[in-house]
Amino acid sequence: MHFALTDEQRLIVETTRSFVVRELYPHEAEIEATGRLRPELRDELKRRAQAAGLYAANMPVAEGGAGLDTLTWILYEKELGRANYALHWTCVARPSNILLACQGAQRERYLLPAIRGERSDCLAMSEPDVGSDLRSMKTRALPDGDDFVINGTKHFISHADEASFIVLFAASGEEPTARGPRSLITAFLIDRDTPGLSIDDGYRSVSHRGYHNSILRFDNCRIHKSQILGELHRGFDVANQWLGATRLQVAATCLGRADRALDLAIRWAAERRQFGQQIGKFQGVSFKLADMAMELKAAELLTLEAAWKADQGTVTDADMAMAKLKATEVLAFVADEAIQIHGGMGLMADLPLERIWRDARVERIWEGTSEIQRHIISRALLRPLGA
Amino acid sequence: MRRILVGIKRVIDFNVRVRVRPDGAGVVTDGVKMSANPFDSIALEEALRLRERGEADEVLAVSIGPGEAQQQLRDALAMGADRAILVKSDTALEPLAVAHVFLELAKRESPRLVILGKQAIDDDCSQTGQMLAALWNRPQATFASKLEIQGEAARVTREVDAGLEVIEVDLPAVITTDLRLNEPRYIKLPDIMKAKKKPLDVIEIVSLGVDATPVLKVVKYEAPPQRQKGIIVKDAGELVAALKQRGLA
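First to last, the sequence lines map onto chains A and B. Every letter in the first sequence is one number past the one before it in the working numbering, and letter 192, counting from 1, is 192. Every letter in the second sequence is one number past the one before it in the working numbering, and letter 206, counting from 1, is 206.
In short, the hints are calculated from the structure, not lab data. From the three backbone atoms N, C-alpha and C, an ideal C-beta is built for every residue, glycine too. Treat the hints with care, as some may be off.
[What the hints assert, rightly or not] When the alpha-carbon atoms are kept at most 20 Å apart in a straight line, the in silico DMTMM-like pairs for lysine to aspartate or glutamate are as follows: (1) A:K225 with A:D147; (2) B:K197 with A:E8; (3) B:K229 with A:D161; (4) B:K196 with A:E271.
[Stated by the list, open to error] Computed footprint of chain A on chain B; a stretch qualifies when at least three of its residues, placed anywhere within it, have a C-beta under 8 Å from a C-beta of chain A: (5) 74–88; (6) 197–204.
Using the sequences provided together with the hints, build the complete structure.
As structure tokens, this is what we get:
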């Protein structure tokens, strides 16, 4: 086995981190205080991210991206993940890989402008009554001549307030299965100004201030069949084939934040003095640091190995589930312990710890809850034995 | 070809808290992050800007040191240098030896400009540029905070104790960079991938015929004394009294 980064990977990590520290960190306090990313700030930072070649780096070179392989992309995500989510997600956007499924005129209309930063996307799957059980979704797309008519409600749609178009997953039919009839799902590309679609503010979340969720309501929203992404009834195939390692992306951004929290905790333990010595000299503090560092390293190795296997074409669903589960839970642990080491100061908004702690909570829920990941892992263990 | 030669020294990263080895024979470098000397990155940035303004056709990055310095040269290529040379030496080099290496390369490569950092942040010698200019018998403009090329001369604003000094030097010349000359760019991600294909030659220092035998003797390295806890004074009177008490006023 070989664990070293290449020169290119090391440089990508360094240049991304340097951008995050110099260009994004200085604006975090504002976003945390106002809960809002000003459009002027967004545009300015976006321009700088584009100049640094960081924007849409997940996309292939032929389409105008940096063409990072999965492992390098994950290393880059880890660095971006250090900063406030709204800042890195919006200003250094990584358009969804699913847009690579665009065909013909869709490429010019959605994929390429998204890579150039002229348009931005969001993904709409969740519904008020549909979380992990996606195939029970109620938003319907019924054919009508060459059109589809969409009705239903999506919620928790991250970034829809910023997006200029939506990748919508909707039920386009039914098929019988052993567990009764289940929906057939189709993916559609929908412009935000399509009549019959309204986008309203969603809920106020404890995590990721400035990165909003919205409620999408479709009321006889009519779109042409040319807006189908992939094939009719094959929405999950499109997602499986193109969406890519989004769970590893979540894992990586968590690793970045956990690393930042650990770094703050180490420095505090070395500087803060109580009872006549640095608090890091007390094992009650130093052993916490040892556990935090060890857990973080374990999570990082799981994530990087899964990413490496993704590049070899050998990654399994369980590999990605383990990485996502471990990294998100380690972030929660590290953030909590970092605050404990800081004492009262750790809870103050003057340090980034309280927000890292708040932001950690959603990570164990979105992109597949911890329970779903455990289900995937245990299924892989038991299924070969017929259990 | 109008060429700019830029020096890139591999040093301990400026964010690292440097520690002296217990035996006093040097500083701890094992497992320590190494980077290009920040003044050298400024030198490279300036060379790239001159090339972008059409004042140069090629930027050549040169490092003199251990094999690992190839990393810093790869960084320089990713940032935009056209090619790189590592002059390999496994023993520590003094400024005079480094200046001799640059001299030999200047003879081979005939650069229009040699741009070096005003000093390296490891030993802070600030000698190489000046020595090179003397050995090469060409003008020098050190501590540059602004650089303009006008025909076959360079107009250089220097940061000196009294303020800013503007001088003009004939080319070829040696320039050393100060902090305010520019702010180095971010390395663009796609350029990082492309840099792999750029030429990086490794040559041994002996092949240049440079005598790198040390002429200085390092007695020992010592950490500066720990800063004593300060006192807080109420007003100027108390400050003067405190200074007098310590024999400082």
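Against the structure, test the hints numbered earlier, and report the numbers of the ones violated in rising order.
3, 4, 6
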